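Colleague: Listed in order, the protein sequences are those of chains A and B. When we follow UniProt numbering, the leftmost residue of the first sequence carries the number 1, and every step to the right adds one. When we follow UniProt numbering, the leftmost residue of the second sequence carries the number 1, and every step to the right adds one.
Read the hints as simulated data drawn from the structure, not as lab findings. Source: prediction; values computed, not measured. In this text, a Cβ means the ideal position worked out from N, Cα and C, and glycines have one as well. Worth double-checking, as some hints may not be accurate.
Quick list of in silico lysine to any residue cross-link-like pairs, SDA-like style, CA-CA up to 25 Å [said to hold, decoys possible]:
#1 A:Lys2 with B:Lys277
#2 B:Lys277 with A:Leu16
#3 A:Lys2 with A:Leu16
Taking CB as the label site, the calculated pair distances span [said to hold, decoys possible]:
#4 B:Arg56 with A:Thr15: 38 to 48 Å
#5 A:Ala19 with B:Met47: 22 to 32 Å
#6 B:Arg56 with A:Leu9: 19 to 29 Å
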Amino acid sequence: MKEFTRGALVVTARTLVAAVCVAVVVIARTTVGWGSLAIMLCALLVLLVVLASYNRRFR
Amino acid sequence: MATTTSTPPSDISAPARPARRSARRRGDGRFVLACLLPALVLFVLFMVVPTVNVFRMSFYTWSGFSPDMRFVGFDNFTRLFEDAQFVRAFQNTVALLVVVTVVTMGMGLFLAAIMTRQRLRGRNFYRFVLYVPNVLSVVVIAAIFSAIYDQQNGLLNGTLRLLSLDGLQQVWLGNQEIVLWSVAIAMVWQSLGYYMVLYMSSMASIPEELYEASGLDGASPTRQFFSITLPLIWQNLRTTLTFFVMSAVNLSFVLVRAMTGGGPDGSSEVLLSYMYKQAYTNSSYGYGMAIGVVIFAFSFLVSLLVSRATRREPLQF
């Protein structure tokens with residue numbers, strides 16, 4: 001696989017994961033409960049993991 | 001020729017020199033300590049003592065007024081597990097933290113890049129207009145948005161009526177499903193200009209030659225943004241991410257308090273407003289402080305994780 005294609009795929013995957021996390025936070029908020037709160041916190045954690053994975057190659 | 005073994009004067013004073021140096025260092029240390037002491041005393045008095053007191057009070061039950069204060073251990077914390085309103089406030093805080101951060105940061109970066117890289121006519125005017133909300137008091141912003149969201153005479157519903165879009169009209173601050181997002185829009189509007197100006201100041205310090213060189217190599221503006229602008233303003237982005245965490249907790253409280261009071265039926269309650277309500281309105285000071293401990297731990301943990309996730313060597317240019 002070309003370097004450019006691989007890079008584009010990684011960027012697309014990261015963007016998709018981040019968008020899904022934001023959507024999960026918005027949707028999970030509609031139900032009140034510890035389960036929903038745990039899902040929201042997990043989505044927040046995944047967002048931070050995505051940020052860390054983007055940042056890793058610059059360290 | 002007679003040889004004399006005279007000791008140079010420097011050798012005579014050699015043992016005295018370290019003693020003098022250490023005495024001077026001690027004197028310097030005392031001077032530094034004397035300079036730091038007032039600030040240190042103030043810090044301990046107004047930061048450390050109240051924070052420790054919050055932790056201590058979370059183990060007591062107290063109305064806030066009576067002299068009766070009873071130690072209850074972790075009871076206040078176990079009560080939190082059964083409190084649905086606390087869970088809802090926590091969920092709202094997390095939702096605001098995520099959505100407001102993503103939207104404000106995205107828009108702030110986009111606008112800053114456009115204002116810096118594109119030679120827009122009247123960009124100083126746009127910058128001024130976008131920055132003005134940050135100068136206004138949060139209560140004034142709450143009043144402005146309360147007027148915009150007004151059900152009968154509000155700007156939003158009025159515009160929708162004018163455009164014959166009556167079906168889209170809402171009770172913006174009275175509908176449990178959308179009230180939090182109405183507050184979120186006010187939060188974004190209030191802070192967007194501030195972050196945009198912060199990002200613009202960083203972007204303005206990037207040397208133009210880097211863009212010229214990359215342009216000659218055929219880099220598109222998007223490529224330039226992700227490969228030049230973003231890495232070179234990264235330290236600024238890190239700082240603002242921590243600001244976002246703090247403002248999601250603090251700013252949301254003031255806006256919620258001024259716009260909705262946590263209503264309708266607690267649907268726009270955030271952690272700080274719920275803590276305030278319990279500690280000062282519901283006369284459950286100890287329980288309020290237990291919520292305060294949770295807020296402290298949550299903010300601290302998220303800020304720490306953000307700092308760890310975004311850490312990198314600063315680039316010199």
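Colleague: Taking the hints in turn, state whether each one holds.
Modeller: Here's how the hints hold up against the structure:
Proximity of A:Lys2 to B:Lys277 is assessed by CA-CA distance (about 58 Å); at most 25 Å being required, the pair is judged violated. Among the hinted pairs, B:Lys277 with A:Leu16 is inconsistent with the structure: their alpha-carbon atoms are about 39 Å apart, more than 25 Å. Under the criterion of a C-alpha separation no larger than 25 Å, the hint pairing A:Lys2 with A:Leu16 is consistent with the structure, at around 21 Å. The hinted range of 38 to 48 Å is satisfied by B:Arg56 and A:Thr15, whose Cβ atoms lie roughly 46 Å apart.
In this structure the supplied range 22 to 32 Å is violated for A:Ala19 paired with B:Met47, their Cβ-Cβ distance being about 39 Å. For the pair B:Arg56 and A:Leu9, the supplied restraint of 19 to 29 Å is violated, since their beta-carbon distance comes to about 53 Å.
Hint check: violations occur at hints 1, 2, 5 and 6; the rest are consistent with the structure.
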